[in-house]
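*Asks:* As a plain string of letters, each chain reads:
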Amino acid sequence: MNDLRDLYQEVIFDHYKKPHNFHALAEANHIAHGHNRLCGDRITVYLQVEDDVIRDVSFEGEGCAISTASASLMTDALKGKRLDEAQHLFDEFHGMVTHEDVEPDPALGKLEVLAGVREFPARVKCATLAWHTLQAALKDRAAIVSTE
Amino acid sequence: MELEMPPAASEIARWRDDFPLLREKVYGKPLVYLDNAATTQKPQSVIDAESAFYAHDNANVHRGVHALSQRATDEYEAAREKVRRFINAESAREIVFVRGTTEAINLVAQSYARPRLQEDDNVLISAMEHHSNIVPWQMACAQSGAELRVAPVNDAGELDLDLFAKLIGRGTRLVAVTHLSNALGSIVPVARIVDMAHAHGVPVLLDGAQAIAHLGVDVRALDCDFYAFSGHKIFGPTGIGVLYGKAALLDAMPPYQVGGDMISSVTFGKTEYNELPYKFEAGTPNIAGAIGLGAALDYVSSIGIAAIAAHERDLLDYATRMAQGIAGLKIIGTARHKASILSFTMDGVHPHDIGTILDHEGVAIRAGHHCAMPLMQRFGIAGTARASFSFYNTHAEVDALMAALTKVKEMFQR
Numbered sequence: 594m595n596d597l598r599d600l601y602q603e604v605i606f607d608h609y610k611k612p613h614n615f616h617a618l619a620e621a622n623h624i625a626h627g628h629n630r631l632c633g634d635r636i637t638v639y640l641q642v643e644d645d646v647i648r649d650v651s652f653e654g655e656g657c658a659i660s661t662a663s664a665s666l667m668t669d670a671l672k673g674k675r676l677d678e679a680q681h682l683f684d685e686f687h688g689m690v691t692h693e694d695v696e697p698d699p700a701l702g703k704l705e706v707l708a709g710v711r712e713f714p715a716r717v718k719c720a721t722l723a724w725h726t727l728q729a730a731l732k733d734r735a736a737i738v739s740t741e
Numbered sequence: 017m018e019l020e021m022p023p024a025a026s027e028i029a030r031w032r033d034d035f036p037l038l039r040e041k042v043y044g045k046p047l048v049y050l051d052n053a054a055t056t057q058k059p060q061s062v063i064d065a066e067s068a069f070y071a072h073d074n075a076n077v078h079r080g081v082h083a084l085s086q087r088a089t090d091e092y093e094a095a096r097e098k099v100r101r102f103i104n105a106e107s108a109r110e111i112v113f114v115r116g117t118t119e120a121i122n123l124v125a126q127s128y129a130r131p132r133l134q135e136d137d138n139v140l141i142s143a144m145e146h147h148s149n150i151v152p153w154q155m156a157c158a159q160s161g162a163e164l165r166v167a168p169v170n171d172a173g174e175l176d177l178d179l180f181a182k183l184i185g186r187g188t189r190l191v192a193v194t195h196l197s198n199a200l201g202s203i204v205p206v207a208r209i210v211d212m213a214h215a216h217g218v219p220v221l222l223d224g225a226q227a228i229a230h231l232g233v234d235v236r237a238l239d240c241d242f243y244a245f246s247g248h249k250i251f252g253p254t255g256i257g258v259l260y261g262k263a264a265l266l267d268a269m270p271p272y273q274v275g276g277d278m279i280s281s282v283t284f285g286k287t288e289y290n291e292l293p294y295k296f297e298a299g300t301p302n303i304a305g306a307i308g309l310g311a312a313l314d315y316v317s318s319i320g321i322a323a324i325a326a327h328e329r330d331l332l333d334y335a336t337r338m339a340q341g342i343a344g345l346k347i348i349g350t351a352r353h354k355a356s357i358l359s360f361t362m363d364g365v366h367p368h369d370i371g372t373i374l375d376h377e378g379v380a381i382r383a384g385h386h387c388a389m390p391l392m393q394r395f396g397i398a399g400t401a402r403a404s405f406s407f408y409n410t411h412a413e414v415d416a417l418m419a420a421l422t423k424v425k426e427m428f429q430r
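Quick mapping for you: the protein sequence lines, in order, are chains A and B.
FYI, in the working numbering the residues of the first sequence are 594 to 741.
FYI, in the working numbering the residues of the second sequence are 17 to 430.
Derived by calculation from the structure, the hints in this document are not laboratory data.
You may find that some hints are simply not true.
[What the hints assert, rightly or not] Quick partial rundown of chain B residues pointing at chain A, CB under 10 Å, derived from the structure:
#	residue
1	V365
2	H366
3	H368
4	D369
5	G371
6	I373
7	D375
8	H376
9	G384
10	M389
11	M392
12	I397
13	A398
14	G399
15	M427
Idealized CB from N, CA, C, for every residue including glycine.
Model the full assembly from the supplied sequences, consistent with the hints where possible.
*Replies:* See the structure below:
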């Protein structure tokens with residue numbers, strides 16, 4: 594049986610109550626908006642990318658404990674990462690929250706506290722909303738905004 | 017109906033025995049099913065009616081000359097008559113079987129409204145409609161250049177009837193409002209709305225998806241022109257619903273879908289349409305579903321909508337009082353006339369988290385925007401947690417809900 598404490602770990606509450614990097618980013622050159630149709634949650638992810646390195650990253654929006662903590666932890670994890678490293682983190686994170694038999698990659702670090710989500714299929718979208726929005730910000734040319 | 021006493025606990029226990037699903041456990045805990053506004057559970061008699069049809073009578077309707085086809089047709093038409101009686105329609109010709117409320121409203125939007133709508137015309141809805149009573153009108157208006165007018169609700173979740181009256185104008189071709197709000201539980205004074213609209217010669221469609229299982233519906237007393245509801249929200253199967261329409265209006269409407277069973281003769285040059293209601297029932301219908309719905313209406317009638325309403329009022333009053341005792345809990349939807357729905361937010365806790373934690377206590381509720389995103393925007397929230405009651409719910413289940421909500425608070429206040 595899945596345990597609520599596996600989902601709602603102390604770290605999740607900490608990041609929900611005081612999310613890190615929770616603001617707009619004036620220097621952002623990639624922005625995307627994410628929307629969870631199921632619950633109406635919205636998120637905006639801001640990225641400042643230079644020479645294929647994420648110099649700064651932040652987010653704004655309104656969401657549940659899982660989606661807010663996931664976004665907060667994601668922004669912490671992405672700072673200073675190369676784009677290929679960010680992609681690797683996305684793949685590993687996605688694998689961790691959707692596959693029960695996958696051992697989390699050590700590269701995930703603190704993101705591992707979200708592993709419990711895989712026991713709660715209805716909440717996987719909450720955990721991945723920020724990450725899918727990140728993907729959109731990085732991939733969608735139209736989402737690239739000027740800093741001028 | 018107001019004077020009916022709430023039933024004794026022993027009677028509610030007997031009702032519960034009719035619903036096998038209510039004996040289920042989740043996470044090892046007894047199920048407390050409070051998501052009745054999404055869909056209701058089914059009594060054994062409905063399950064048996066569908067099963068018996070497939071085991072003994074299955075054949076296509078209105079086609080075969082063989083015995084089974086006749087039996088299937090008789091049962092299907094008997095179900096239509098049960099619907100007619102349940103909502104007190106004048107004639108079974110006015111009862112069109114559809115997939116559900118959504119299809120019923122789409123039918124009226126495309127077959128009644130769209131051909132009549134022109135630029136400068138408008139359709140009037142309210143701010144507390146379900147998406148299924150917004151988007152079909154939005155589409156018909158976009159197709160014709162007409163305007164979709166939205167009557168506002170106050171902070172309690174009640175329509176401002178004076179304002180509503182002012183929005184009905186010369187160009188108004190149809191008024192479409194809910195009978196009972198799925199997100200707030202407000203009972204809409206639909207009889208008065210029908211009077212106001214009819215004073216301008218404007219027909220009214222009522223979305224009865226929520227109301228049908230909680231309020232007595234008498235389409236002739238209401239004098240509404242269309243009434244739409246789904247079988248699964250009144251203890252019947254999914255995939256079957258009803259559009260009631262006054263015969264004169266339905267007669268004047270073109271078919272919504274075309275194909276088999278809805279024709280009287282076909283040549284490659286010209287097709288003549290079948291009579292009501294078959295004109296609107298193209299293709300093989302959900303025969304077993306209609307029969308199941310008929311059994312559900314029999315079941316509800318055997319208990320009586322007055323007894324149901326009395327118990328649900330008692331439950332909602334109790335739940336409201338208990339909820340008001342939880343600090344940080346805010347009830348969304350405080351209309352004076354309400355039924356069956358307790359929608360709320362909690363300070364510092366997202367509805368989705370409430371839903372997950374309650375689920376682990378065996379308490380099933382809905383969390384989110386309830387397919388009423390414009391209404392959520394009106395209240396400045398992304399969503400609510402919603403407990404929705406049925407006549408088979410008990411005071412003990414309300415207590416279980418409140419105990420689970422206390423757990424939510426404890427978890428988030430660590």
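*Asks:* Going back to the hint list, which numbers does this structure go against?
*Replies:* none
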